[in-house]
Each structure stands twice: as structure tokens, then as C-alpha cells.
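So the sequence lines, in the order shown, correspond to chains A and B. The letter at position 40 of the first sequence is residue 40 when you use our numbering, and the numbering goes up by one with no holes. The letter at position 251 of the second sequence is residue 1251 when you use our numbering, and the numbering goes up by one with no holes.
Among these hints, one or two may not hold up.
[Said to hold, decoys possible] Just a few of them, taken from the derived set where beta-carbon distance is under 10 Å, the chain A residues facing chain B:
1) VAL70
2) MET99
3) GLY100
4) PHE119
5) GLY166
6) PRO215
7) TYR219
8) SER223
9) TRP227
10) HIS300
11) TRP325
12) ARG328
13) SER411
14) VAL418
By construction, these hints were calculated from the structure, which means they are not laboratory data. All residues carry an ideal CB built from backbone N, CA and C; glycine is no exception.
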Amino acid sequence: MFEHFDALVLARFQFAFTVSAHIIFPAFSIGTASYLFVLEALWLKTKDKTYLELFDFWKTIFAVAFGMGVVSGIVMSYQFGTNWAVFSDKAGPVIGPLMGYEVLTAFFLEAGFLGVMLFGLKRVGPGLHFLATGMVALGTLISATWILAVNSWMQTPTGFAINENGQFIPVDWWAVIFNPSFPYRLVHMVLAAYLTTAFVVGAVGAWHLLKRTAPLRAYTMFSMAMWMAAIVAPLQILAGDAHGLNTLEHQPAKVMAMEGHFDSHPNGAPLILFGIPNQAEKRVDYAVEIPKLSSLILKHGLDEPLAGLDTIPEDKQPPVAIVFWSFRLMVGIGFAMLGIGMWSLLCRYRGTLDSNVWLHRVAVAMGPAGFAAVLAGWVTTEVGRQPFTIYGHVLTAESHSPIAAPAVATSLIAFIVVYFFVFGAGTFYLLRLMARLPRDPSPELMEGPIRARGITPGPAHGGTHGH
Amino acid sequence: MVIDLAFIWAAIIAFAVLAYVVMDGFDLGVGILFALFPDKKDRDVMMNSVAPVWDGNETWLVLGGGGLLAVFPLAYATILPALYMPLIAMLLGLIFRGVAFEYRWRTKRWERVWDVAFAGGSLVAGFCQGIALGALVQGIPVVDRAYAGGWWDWLTPFSVATGIALLIGYTLLGSTWLVMKTEGELAARARRLAMQLAFATVAAMGVFSLWTPWQRPLYLDRWFGFPTAIFSVIVPLLVLGCLYLIVRGLRTGRDAQPFLAALGLFILGYAGIGISFYPYIVPTSLTIWDAAAPPASLSFLLVGALVLVPIILAYTAYAYWVFRGKVRHGEGYH
Chain A
1 MFEHFDALVL
11 ARFQFAFTVS
21 AHIIFPAFSI
31 GTASYLFVLE
41 ALWLKTKDKT
51 YLELFDFWKT
61 IFAVAFGMGV
71 VSGIVMSYQF
81 GTNWAVFSDK
91 AGPVIGPLMG
101 YEVLTAFFLE
111 AGFLGVMLFG
121 LKRVGPGLHF
131 LATGMVALGT
141 LISATWILAV
151 NSWMQTPTGF
161 AINENGQFIP
171 VDWWAVIFNP
181 SFPYRLVHMV
191 LAAYLTTAFV
201 VGAVGAWHLL
211 KRTAPLRAYT
221 MFSMAMWMAA
231 IVAPLQILAG
241 DAHGLNTLEH
251 QPAKVMAMEG
261 HFDSHPNGAP
271 LILFGIPNQA
281 EKRVDYAVEI
291 PKLSSLILKH
301 GLDEPLAGLD
311 TIPEDKQPPV
321 AIVFWSFRLM
331 VGIGFAMLGI
341 GMWSLLCRYR
351 GTLDSNVWLH
361 RVAVAMGPAG
371 FAAVLAGWVT
381 TEVGRQPFTI
391 YGHVLTAESH
401 SPIAAPAVAT
411 SLIAFIVVYF
421 FVFGAGTFYL
431 LRLMARLPRD
441 PSPELMEGPI
451 RARGITPGPA
461 HGGTHGH
Chain B
1001 MVIDLAFIWA
1011 AIIAFAVLAY
1021 VVMDGFDLGV
1031 GILFALFPDK
1041 KDRDVMMNSV
1051 APVWDGNETW
1061 LVLGGGGLLA
1071 VFPLAYATIL
1081 PALYMPLIAM
1091 LLGLIFRGVA
1101 FEYRWRTKRW
1111 ERVWDVAFAG
1121 GSLVAGFCQG
1131 IALGALVQGI
1141 PVVDRAYAGG
1151 WWDWLTPFSV
1161 ATGIALLIGY
1171 TLLGSTWLVM
1181 KTEGELAARA
1191 RRLAMQLAFA
1201 TVAAMGVFSL
1211 WTPWQRPLYL
1221 DRWFGFPTAI
1231 FSVIVPLLVL
1241 GCLYLIVRGL
1251 RTGRDAQPFL
1261 AALGLFILGY
1271 AGIGISFYPY
1281 IVPTSLTIWD
1291 AAAPPASLSF
1301 LLVGALVLVP
1311 IILAYTAYAY
1321 WVFRGKVRHG
1331 EGYH
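Just need the whole structure built from these sequences, with the hints factored in.
Here it is as C-alpha cells:
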């Protein structure tokens, strides 16, 4: 199957596959951890049992997704060394300590308090339990901060020198961490995680509203999710725009690929809505474009000049078609999310948020939209910074391990098979957990997921357990 | 006085790896023992006894890997390609056993599938870790800052024997953990197993000790040359002491003692390996100073490690404390 590829291409496939599979879970668990924190806070404040039931409902879902995130994340922490040894040797002194801090400040925090959060309410009481939930939520955000600092440094490296072994040496840690693209990327990704969760929660709420299974709980979660959509989607579009301008400043070739600008436009560049990028001929076929709009968006002036890929050497250009399309997918989903958020505000104003069947149907359909947008966004930024691993300094083609192609092919096939099996099963269980009734804690009603509750001990399963 | 940052970091990484081996060791051991406890209720209890802590245990593996990248990047960049196949297999094993903690409770029809995934994943992960250890001990060639061997070099009789030895050790940790954390018939069976596994572990350590010195001239010198040969006398005596404590704890019903003494066996074995190849981090190609990152990297992360590792140990201890005592049927959040 892979005999025509060399080790480099296989290693790139493998990284793209494993990191794409991984990012799905943190994108969901960052938002869900914060959501659980809010639900528990609302329960403690109002003593309204609805919030506690929703907390329990989402807690089990979080646990499954978090477990998948942990195991796929461990793979990532070894992937750098197994497949990208040259990169690791060179960049390790800079990115290694940042990842070390991620482990020390985030992973241990999450892991240490996750057990208490999932199993421990009876043992520690509500106060400490709430602290544990808070620590897990905080851990997911700290983790995002460090790993995005790492990624951003690879995109816009600053604060380093290069030693006689070709290693990157930290000179100014502040400049390494707060590199030019980091604040933008961090905000954009955390908002993306919140939106992803909001649309999953919204879809589950809408599903149960349509099924009329548990109207009160379903409405509560649907309403909370739609508030998030209405508030965060516009913020995300602003953040994305700011991130784009930052990219234009530091990685112009990426923006050229996103825009499909093969040629420079000295008198205002058009915004290409759709078209088929043709990298060989250096043009966009069948382009549908709005004159001068790209210059307006990127330079805030209709006639501002905008350079194109003709200013970039061919061997330093990213693959245009992938970046062009993934960017459009991400933006399209972003605006669809904005549309749903606004629609929900209208329904809320009219008092039909709990009864507008079409809003509920569309919300169900939009459930996975956040994941698609997150993946499309990461494809845009990662493919767009090619052909470099450390932008402007280290080529991807110079970064991989001296491993024979058959070894990389074997492990790639193994990862693909295992991930589809394991994460496919996990997705199935997640969907089943989401489809169960968000109200009834009795274990007799539902196979599997709810045996004994963490909050109040459920009846012993099957009635034969000794105590 | 010049502070030797590379040495301090070698000590911290060594501690992280040891913490991983003993902590994930017992929960991998519990997973492997699934194969010997077919009863569903026993398995429920076994899994629940480690469910609240396994994730934290495995985080030490990430610290070992991430820490190596941070402070000994050249070691990370040469050891991982050298151990490519066993490490990938270990990761896949960890995936199967990790998800089994949640999946197993989500289905009736496929419960057996995830039981097999839990036991099989634990077995593969443990075996591959042992192979990786053996392959490291037998040495990794490095030329021009890159691994210079083939992708099957790790596979030798010695590394396979190390893999088996580690599996025996992990099942000892797992069975003594069950002695400590469970009761009734399950604990009684675990006690009988622990007794056999204690002797098997010490025998495996003996084989490993007789075999290791012949892997590299350096080890031979360390084992039989002065002053390190002193340890060659002391360590075996301490091993026998731990064996005595395990047996005595099992016989007298002091349920925590066998587990703690089994941890002692692991610490002794680990110290023995450390003495064998210090100061090499990639035996016998790179010393800790060859592989160390520049001082700016070492000191930056050291500040965090010195502050955070004690805090981590404190809340990890707290998490264990919250879930102290015997695990009973029907407990857990599932």
C-alpha cells in the first residue's frame, strides 16, 4: 500500500494522522471541563438539581473523551522522537522545557484531580469536589497555553540563537513563549474549543428537545449552548481576523495560499470566494472573486498593494489547494455558527427557543461542526507553514529520523487500524451516552453507563454485590 | 562551586522513570492479572482499585519522555529511533488498556472485548517496556548525533528475557496491590499468586544480574571492580531482605507490607542498572553531559521542577489518600 513512498512522506502522514486524531479530544475536553465547572458552580449556588443532573450526564461523556485524549496524547509525546529525531535534537532545548512545563503544570493537575472529580464526591464532599473540577478545567487551559506556545514558536520563532551543533538555544524565554503569533493562536484555539463544546452540547440538547425525553434538562443545556454560540461565535470571527492579520505580517506566504493569490496586486487585491487553485499554472481556475475586497480586509484600504506567491521562491511555497480549501471550510463553518447564534437570539426574543423545531434540527446537524472547523483551521495553519517545521529555519525534509521506510509504514498502518477501531468504538459509546435520558439516575433503565452514581450511591448492579 | 545541572537533571529524570515504573507497574500488573481472574465481579473490583489513579501514574511516562526531550534532547533523538518498534507497540498497548477503563463500563455485549484489550494492552505495554530496557542496556550506537543501527537491533535474546522479567515483576506489583486493596476470595487468590511471583521475580533479577555484565565491558568493570563491586554484594542481600518481607507480610496478613517490599525490589533493581551505566544516558555512546541541553534550558525547567514536583507528589499522595482502604464490589462512579 505504501511501497512507493519514502520515509519522509510516511512520517508526515503519520504525524498528520495522529495529531489530527488527537486534537479532536482536547478541543472537546477543554470546553467540556469548563462547562462542568460552570454546571457544578450553578448547582452549588442555586441548589437546583437540574444542574447536578446535567453535571453527571456530561461528566461521564467527559471521562470517555478525556481518556481518548490521554492515550492519543501519549503517542504525540513520543512521536517527536521516534519519527522526527533531527527536529527533536535541534529544537528540543527550546520547545522541550515548554512541554516539560505543560506536563508539570497541566497534565499532573488534570490527572491528579480527575480521579477525585469522577469518583470522589462521596468521599471528599461538595467543596473539595468543586475544587477538583476547577483544577481539571484549569489544567486543560494551562495545557493549551503551553502547547500553543510551542506551536506558535515553531511558526514565528523568536528569542533564540543557534549553536555549533545546529541546535536552537534559548536566549530570552519571554520572547520564546510570547512569540508574535502566540497570543492570537491561543485566543483563537480556546474560543474554538468553547464553540466546539457549545455546538455539541447544543446538538444534544436539541436532540432531546426534539425527542421530548426530558424537556427541562434538555432546554437548560440547549439554552446555555445557544448563549455560548451567540456570544462566542462573533468573538471568534474577530479573533480569527486578528490572527489572520498577524499571519500576514509574519508568514505572508501562508496568507497568499489561503487567499489563492498567485500574483501580486499592486492596486488592490480581489477576494477569491471560490475557485480551483492550479499550482502548476500558478493561477486559480474558475475563480469567483470580489474586486479589491482582500486588500480591504487585510490592509484596510481598497487600493492597498498585496504581494502574491510570485514573490516567494517556488521551493518555499506551501501547497496552495489544501490551504485554500481548508481555510474556506473553517470560515464557512464559523459564519454558520454565527448564523445559528443570531437565530437563537431571535427565537429567544420571540419566546420560541424551546419550540422552534427547525432551529433544533439545524442545531443537531451542526453538532460536529466545531470539530470540522478545528481540523480545517489546523490544516490551514500547519500546511500553510510548509515547507518548514521551524518557520524560515528548518525544513520539514531535514527534520525526520533516520528510520527505514518499512518501519514507518508498518507503524503508520498500525496507528490507522488501531485508531479507527478504538476511537470508532469510543465515538459510538459517546453518541450512545449523549442519546441516553439526561434525567434518570436509575441504573436499571440503561445498560452499561450508569451503574452506581458518584453523587448518591445507586443500587448495586444486578443486586448481588456484597458489601 | 559549579552546579552540575546535567547531573541534577539525570537524577530528576531517573526519579520520573522510576516513579513511572513502580506506579504504572502495579496498574499494568493488575491489567495483566485480568487473564487469571475470569470472574466479572473480581474484574470490576480489580479495575476500580486502579481506575482513580492510573491516569496520574501514566503521566510520569509523559514526564519521562517530555523531560528527556527538554533536558537531554540528543538522548531523546537517538534512543527513540533505536527503540522504534517496541515503543510504538508499547504506545498501542497503552491505548487499548487506557480506553478500556472507560469503554468496559459502556457496553454489555463488548465487555469481553475490552477485558481482552485491558489485559492484552497491559501485557504488550509491559513486555515492550522490558524489551526497551534490555535494548538500552545492550547499547545504542550513535554516529554524528543520529542513531546508527538498524530497526531490528533491539530484538535479542537478552532484550526478550528482560521483557519477560519485567512482566513477572509487574505482576508481582499488581498481585501485592490486590492483596492490599481487596478482600475475600479475590485477595486470597492474589496472596497465593504474590507468593509465587515474589520468588519468580527474585529469580528473574538473578538471571538479569548474571547476564547484564557481559553486555558491555563497562558493566563488567562496574560489577566486579572496586569500589562499585561493593554494591554487587549489598544489593543482592537487600533483595533477599525484601523477599523475606514480602513472604512474611503475606503470611502474617500485613496487607500493605508485601506491596511496599515489592516496590523495594524494583528500586533495588533500578539502582543496580543505574550504577551499571552511569554516567552514560545512551549506553555506551553518550554521557549525560554529551546529551544535555544548554544551561539556559536546564535551569529554566529546573526552577519549575523543584517547585512543582513536590506539589505534584503532595496532591498525588492526596489522591491516593482519598481512595485509601479496601475496594468493594459496586464501588466506583460507573
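Quick check on the hint: TYR219(A) CB to chain B CB, less than 10 Å?
Because about 26 Å separates TYR219(A) from the closest Cβ in chain B, which is outside the 10 Å limit, the hint is violated.
Using Cβ atoms only, decide whether VAL70(A) comes closer than 10 Å to chain B, and label the hint accordingly.
holds (6 Å)
Taking the closest Cβ pair, is GLY166(A) under 10 Å from chain B?
holds (8 Å)
Please check whether PRO215(A) passes as an interface residue: C-beta within 10 Å of a C-beta belonging to chain B.
Violated - the Cβ of PRO215(A) stays beyond 10 Å from chain B, reaching only about 26 Å at its closest.
For the hint on SER223(A), does the least C-beta distance to chain B fall short of 10 Å?
violated (27 Å)
Tell me if the interface restraint on GLY100(A) is satisfied: Cβ within less than 10 Å of some Cβ in chain B.
holds (4 Å)
Restraint outcome when TRP325(A) is required to lie within 10 Å of chain B by C-beta distance
With Cβ-Cβ at 31 Å, over 10 Å, it is violated.
Would you check whether HIS300(A) satisfies its interface hint, that is, whether its CB is within less than 10 Å of any CB in chain B?
Status violated, d = 39 Å.
Per the CB criterion, is VAL418(A) less than 10 Å away from chain B?
The hint holds - VAL418(A) has a Cβ within 10 Å of chain B, the shortest such distance being about 5 Å.
Restraint satisfaction for SER411(A) [CB to CB of chain B, less than 10 Å]:
holds (4 Å)
Using Cβ atoms only, decide whether ARG328(A) comes closer than 10 Å to chain B, and label the hint accordingly.
Cβ of ARG328(A) sits 34 Å from chain B, so the hint is violated.
Taking the closest Cβ pair, is PHE119(A) under 10 Å from chain B?
Where the cut-off is 10 Å and the nearest Cβ of chain B is about 5 Å from PHE119(A), the hint holds.
The structure fails to meet hints 6, 7, 8, 9, 10, 11 and 12 from the earlier list, while all remaining hints are met.
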